[in-house]
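So the chains spell out like this:
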Amino acid sequence: QQQVKQSPQSLIVQKGGISIINCAYENTAFDYFPWYQQFPGKGPALLIAIRPDVSEKKEGRFTISFNKSAKQFSLHIMDSQPGDSATYFCAASKVPSGSRLTFGEGTQLTVNP
Amino acid sequence: DGGITQSPKYLFRKEGQNVTLSCEQNLNHDAMYWYRQDPGQGLRLIYYSQIVNDFQKGDIAEGYSVSREKKESFPLTVTSAQKNPTAFYLCASMRQGASATEAFFGQGTRLTVV
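In order, the protein sequence lines correspond to chains H and L.
Be aware that the first sequence starts at 1, since it is given in my numbering, and climbs by one per residue.
Be aware that the second sequence starts at 1, since it is given in my numbering, and climbs by one per residue.
With the rest of the complex left out, here is chain H (with noise of 0.2 Å):
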């Protein structure tokens, strides 16, 4: 199996800090490393996603960077919210192939206010 290792399986900030969420990947031949957000009860959904042609991405206060050589990227969540508070999932997969998608093993954040 391919495996997408995660860290740390939880986590707690106040508001306003900076959760940070880690992931490490075997397999060299992906190439897409997206994050999905789940709420309480619901279905996870994408959150950010970076291709490895760049060594980050920013969409408002979320920012994944990516490390190809240490095959590891991370999420960053600045002005962390009480709102943010969620389970968090990074993936990894090969496009075009339509390959699966391999899921690491989840972030619990919680933001106190």
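Treat the hints with caution; some may be incorrect.
Listed below are the simulated SDA-like cross-link pairs for lysine to any residue, each with C-alpha atoms no more than 20 Å apart in a straight line [what the hints assert, rightly or not]: (1) L/Lys-70 to L/Asp-54; (2) H/Lys-57 to L/Ala-100; (3) H/Lys-5 to L/Arg-44; (4) L/Lys-9 to H/Pro-40; (5) H/Lys-94 to H/Lys-42; (6) L/Lys-57 to L/Arg-13; (7) H/Lys-5 to H/Arg-61; (8) H/Lys-71 to H/Pro-40; (9) H/Lys-58 to H/Glu-26; (10) H/Lys-5 to H/Ala-49; (11) L/Lys-14 to L/Ala-100; (12) H/Lys-94 to L/Ala-98; (13) H/Lys-94 to L/Glu-102; (14) H/Lys-42 to L/Glu-24; (15) H/Lys-42 to L/Thr-5; (16) H/Lys-58 to L/Glu-102; (17) H/Lys-94 to H/Ile-18; (18) H/Lys-68 to H/Lys-42; (19) L/Lys-70 to L/Glu-24; (20) H/Lys-94 to L/Phe-104; (21) H/Lys-5 to L/Gln-50; (22) H/Lys-42 to H/Lys-71; (23) H/Lys-15 to H/Thr-87; (24) L/Lys-71 to L/Asn-53; (25) H/Lys-5 to L/Gln-41; (26) L/Lys-70 to L/Ser-49; (27) H/Lys-42 to L/Glu-102; (28) H/Lys-94 to L/Gly-58; (29) H/Lys-94 to L/Pro-39; (30) H/Lys-42 to L/Lys-9; (31) H/Lys-58 to H/Lys-42; (32) H/Lys-94 to H/Asn-112; (33) H/Lys-94 to L/Val-113; (34) H/Lys-94 to L/Gln-56; (35) H/Lys-5 to L/Gly-58.
Quick list of the computed label-pair ranges, beta carbon to beta carbon [what the hints assert, rightly or not]: (36) L/Ala-81 to H/Lys-58: 42 to 52 Å; (37) L/Ala-81 to H/Ile-12: 35 to 45 Å; (38) L/Pro-39 to H/His-76: 38 to 48 Å; (39) L/Lys-14 to H/Lys-15: 40 to 50 Å; (40) H/Asp-53 to L/Glu-69: 23 to 33 Å.
If you're looking for bench data, these hints aren't it; they were derived computationally from the structure.
Each residue gets a CB set at the ideal place from its N, CA and C atoms; glycine is no exception.
Put chain L on the given structure of chain H with help from the hints.
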């Protein structure tokens, strides 16, 4: 409204009983997937289908079965052979482009063995 519809939202199964979870999509996606979610284990792939009348086993297919007779529908049957079926089940379809693969998930079905 385009999207993935899963039903029922909650399902209770007795020991030794088969149950079927419904998944319908109107996004016109070819690929559909079933995932199982357990605390601390992420999303584990049960079965997937890239095209009508074809499907492949995922990482934890034992005790499950699927069919793909229509593009819009991908039902999952949890059989009595699945020894620990209590979990949150997620169905997804995927938009597969030249530079990105985006999964669209349903709201999930929570299955409990009673």
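(message) Tell me the hint numbers this structure goes against, listed in increasing order.
(response) 5, 6, 7, 8, 9, 11, 17, 18, 21, 22, 29, 31, 32, 33, 38, 40
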